[in-house]
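Given the sequences, and given the hints that come with them, work out the whole structure.
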Amino acid sequence: MDTRFFVIWMEEITAAVRAGRDHLTRLDAAIGDADHGTNLDRGFAAVAEALAARPPDTPGGVLVLAGSTLIRKVGGASGPLYGTAFREMGKALGDAADVSAADLASALEAGVAGVRRLGGAEEGDKTMVDALAPAARAMARGVGGGGDPEVAFAAAAAAAEEGAKATVPLVARKGRASYLGARSTGHEDPGAASTALIVGALRAVAARRSPRPKSRP
Amino acid sequence: MVGIVLISHSHGLASEAAELARSVCGVDVPVAAAGGADDGGVGTSVDKVAAAVDEVDQGDGVVLIPDLGSSVLTARLLESPGSVVIADVPFVEGAISAAVAAAGGASLEGVLAAAAEARSFRKL
Chain A
1 MDTRFFVIWM
11 EEITAAVRAG
21 RDHLTRLDAA
31 IGDADHGTNL
41 DRGFAAVAEA
51 LAARPPDTPG
61 GVLVLAGSTL
71 IRKVGGASGP
81 LYGTAFREMG
91 KALGDAADVS
101 AADLASALEA
111 GVAGVRRLGG
121 AEEGDKTMVD
131 ALAPAARAMA
141 RGVGGGGDPE
151 VAFAAAAAAA
161 EEGAKATVPL
171 VARKGRASYL
181 GARSTGHEDP
191 GAASTALIVG
201 ALRAVAARRS
211 PRPKSRP
Chain B
1 MVGIVLISHS
11 HGLASEAAEL
21 ARSVCGVDVP
31 VAAAGGADDG
41 GVGTSVDKVA
51 AAVDEVDQGD
61 GVVLIPDLGS
71 SVLTARLLES
81 PGSVVIADVP
91 FVEGAISAAV
101 AAAGGASLEG
111 VLAAAAEARS
121 FRKL
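Same order as they appear, the protein sequences are chains A and B.
Sequential numbering of the first sequence, starting at 1, is according to this note's numbering.
Sequential numbering of the second sequence, starting at 1, is according to this note's numbering.
The hints are simulated quantities; they were obtained by calculation from the structure and are not laboratory data.
There are no misleading hints in this set.
Restricting the straight-line Cα-Cα distance to at most 25 Å, the calculated cross-link-like pairs of lysine to aspartate or glutamate (DMTMM-like) are:
{"id": "1", "chain 1": "A", "residue 1": "174", "chain 2": "B", "residue 2": "79"}
{"id": "2", "chain 1": "A", "residue 1": "91", "chain 2": "B", "residue 2": "47"}
{"id": "3", "chain 1": "A", "residue 1": "174", "chain 2": "B", "residue 2": "88"}
{"id": "4", "chain 1": "A", "residue 1": "165", "chain 2": "A", "residue 2": "109"}
Computed list of chain A residues with no C-beta within reach of chain B, every gap over 10 Å:
{"id": "5", "residue": "7"}
{"id": "6", "residue": "18"}
{"id": "7", "residue": "26"}
{"id": "8", "residue": "29"}
{"id": "9", "residue": "55"}
{"id": "10", "residue": "95"}
{"id": "11", "residue": "96"}
{"id": "12", "residue": "106"}
{"id": "13", "residue": "109"}
{"id": "14", "residue": "113"}
{"id": "15", "residue": "123"}
{"id": "16", "residue": "140"}
{"id": "17", "residue": "144"}
{"id": "18", "residue": "173"}
{"id": "19", "residue": "186"}
{"id": "20", "residue": "208"}
Just so it is clear, CB atoms sit at the ideal spot from N, CA and C, and this is done for glycine as well.
Here it is, written out as structure tokens:
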């Protein structure tokens, strides 16, 4: 996967976040401060502008620029968290001009570790980690032994979606929702939901890149 | 003197707390406010925090005092062991304790310790 692939992934995320903005904000209105959708929309719009203004020449460069932009432009807790995730992923990919699915899987694990270190959340705390960590595991499993990247990314996206849905019954132990205590149950965590969008965008880009032969009627 | 940066989601809260901390010290203690998002709304701006750190850094270290949530995460991104450190303390009481210690010429460790004492301050 080359630099262009990663730029298209960021564009796909920008579009998915724009489309999901109001949904994310509604989720955040239930247990947070009702700004997750607008914050992320602003952040990824700024990522698109930054990539157009200063096009990086490596996949790692795309992710580092995206992360640094999110940290500066989001304005809520998701900025430092997603910013750290993308920056750590970018750093893990280094200067390579082309990276494999296995490289991306290890980079995602580095991203998850960065988010955990910064926010101190573990799985089950009702945060983005509940979607991100299973996605990283699914991707690592999928690419292990040279598996098809498209299948691995689809598995990661499904794991993120499942992880996000599984936050519904949880009691929040981190972030703004944790102030609600037991009243935070019954709602999907907005950060886990946006993580599912981000990993889902990777699945979509990979699927478009390698169209499978359709069975003929 | 050790510098102090007060980081809040609210521009008003950060600037008023900084003003309060400065006014109880009587000397020109370097306390800067980094409140609100870039557009002035509720949120945190890493650029504002970085600028505030530069403003108060006199070479003796800087203590960051965040309110909560994204303020804490943003502060953590700017941490630099031994020179820019976070005090995990109540916002107003911690700011005043830290400012008083800094005004008295305390070291970075001394200011952090003074700020930490604010956790157990009783009002009655």
